[in-house]
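J.: Residue numbers (UniProt numbering), protein chains in the order written: chain V, 1 to 294; chain C, 1 to 294.
Residues from chain V shown here face chain C by an in silico Cβ test under 7 Å; the list is partial:
#, residue
1, L3
2, P33
3, G38
4, R44
5, W121
6, G146
7, R154
8, W157
9, L165
10, Y167
11, M171
Rather than coming from a laboratory, the hints here were simulated on the basis of the structure. Each residue gets a CB set at the ideal place from its N, CA and C atoms; glycine is no exception.
2 protein chains.
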Amino acid sequence: MALHFALMIDPAASDDARTDFSETFTAVDPAAPALTVGELSTQRGDGIFESIGVVDGHAQEVGAHLSRLAHSAQLCDLPQPNARQWREAVTRAAAECGPGEAVIKLILSRGIEHGPTPTAWVTAATAADNTRARTRGIRVVTLDRGYTLDAPTRAPWLLLGAKTLSYAVNMAALREAHRRGADDAIFTTTDGFVLEAPTASLILRRGDTFVTPAPHGGILHGTTQLSLFDHLAAEGYETVYENVPASALHTADAAWLVSSVRLAAPITAIDDVDVPVDAELTAAVNAYLLSPRD
Amino acid sequence: MALHFALMIDPAASDDARTDFSETFTAVDPAAPALTVGELSTQRGDGIFESIGVVDGHAQEVGAHLSRLAHSAQLCDLPQPNARQWREAVTRAAAECGPGEAVIKLILSRGIEHGPTPTAWVTAATAADNTRARTRGIRVVTLDRGYTLDAPTRAPWLLLGAKTLSYAVNMAALREAHRRGADDAIFTTTDGFVLEAPTASLILRRGDTFVTPAPHGGILHGTTQLSLFDHLAAEGYETVYENVPASALHTADAAWLVSSVRLAAPITAIDDVDVPVDAELTAAVNAYLLSPRD
Ligand SMILES: Cc1ncc(COP(=O)(O)O)c(C=O)c1O
Ligand SMILES: Cc1ncc(COP(=O)(O)O)c(C=O)c1O
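For reference, chain V alone in the conformation it holds in the complex:
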């Protein structure tokens, strides 16, 4: 995932009358220093982000990602991002992505300590090869997220529905999964419900019904899950949001972790118990996710 493009954005220069935002952008060398040590993103993980999948130069589901960025900004008391400015930055970054798969990241930081405004930038990088995860699948373990299902409602300062830059716990959970010989993790609540993976959403199949944990604050509402549910509904399947008890993991007819860059990774085992894999459906799902989507 070597970065090949980076664009600094001036979020303060985004007045609504503007039709061309290029003057608010500064292309920078992604390998050269571009941020000061006073950056609050780096001092306190104080900011928000999005990772957008790019296929053959087409950035996927930009609207859904910009909506989630706006939602994260609101939860974190950051100024609302100007959607037109960010969309133009994504277009610029996508134009730098050649054929194949890439990833565009959007970052909105609270800025420099005691500085006047947030800082913001966009990067583009070639995506890792995710073929193996998509076809051979992944082994996962369940890990306690420490919260009850209702924590986000009771304590919005826990920022549980926001995609913040404070991902140290998510990364630690992935390291713990690797230590246990697995590829990824599924977070559970202390009261026995299933949430999401550290960087992906969970979808279970139960007959002809696809189920995902209801995103009422405790998890990120995944853009990939959302897009896939639309597609599955159009294909005639049932799709439902539910409070999913951890016990449902072992009775599922199939299960996937889905996210913007890795796309749909079929789960082959949860806590060392095998899960049935539907290779054909998985291939169809990934073909859909790789097609241009808006």
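Once you've looked at the hints, dock chain C with the ligands against the given chain V.
T.: Frame of chain V, contents of chain C with the ligands only:
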């Protein structure tokens, strides 16, 4: 808190035979770009830090801060920092601090994405004037941290005892406190115990006994609390670590939030209920905390 000094450190060049680490340091302009957008500190708050108080050019309790940095590194699976290298960097930074109070920050990031080694740096800045908090005191509110007291034992991947760069929740809790008309917050567990403030430790007075929540994983072990307990014990007081129920907040004879830069801030009210203030003891405590400590 304008930064006036920044030093990049090469943690990979810290072999133990070295007696002079100056070749592993590069002074940089703190107002100029020094970090790349690939930095994992900035992308995911993936790293650890320390904030050290400096009084008239003397960095306080450097040994205790370096021990905690090492502990955080272990919890986060980061390479152990070389204490001699970091101590030399602190000495360099302290030499750049004039009379009065300053703050030196140590940052150890997991590095650049897919890069070979962590990145690290040290900054120095003039401290904010904390006289008002130290003399007039602070109003605090209690905020649910979402966890039970035993969460860190059950789930070490929550990194609860580590001082990570993922401080978005701590910052959100401070904003929530300000929204409620308070200056600071005290985190509580869902099972009714008291933890710490978002950037400080809590000390309660009960007669001639000083009490602080037991740091078994759920909170940071504060260097200021530790130093103050040594001092209070030497003065003949009892000092104890306990599981402190939230109900104890309202029966305390006095209460303080203590931390390396603001030092001891007497609490004047908790959730709008007045707390007795011992101005004389507070002044003596802050005089001790401002004296050179190692
Ligand atoms: C915590 C978390 N949940 C879910 C997702 C999946 O979201 P999306 O499908 O929009 O990539 C992500 C993406 O990184 C995530 O970080
Ligand atoms: C969460 C937390 N607890 C406690 C403290 C107090 O630690 P110290 O006294 O070492 O500054 C800090 C310091 O910033 C902190 O961030």
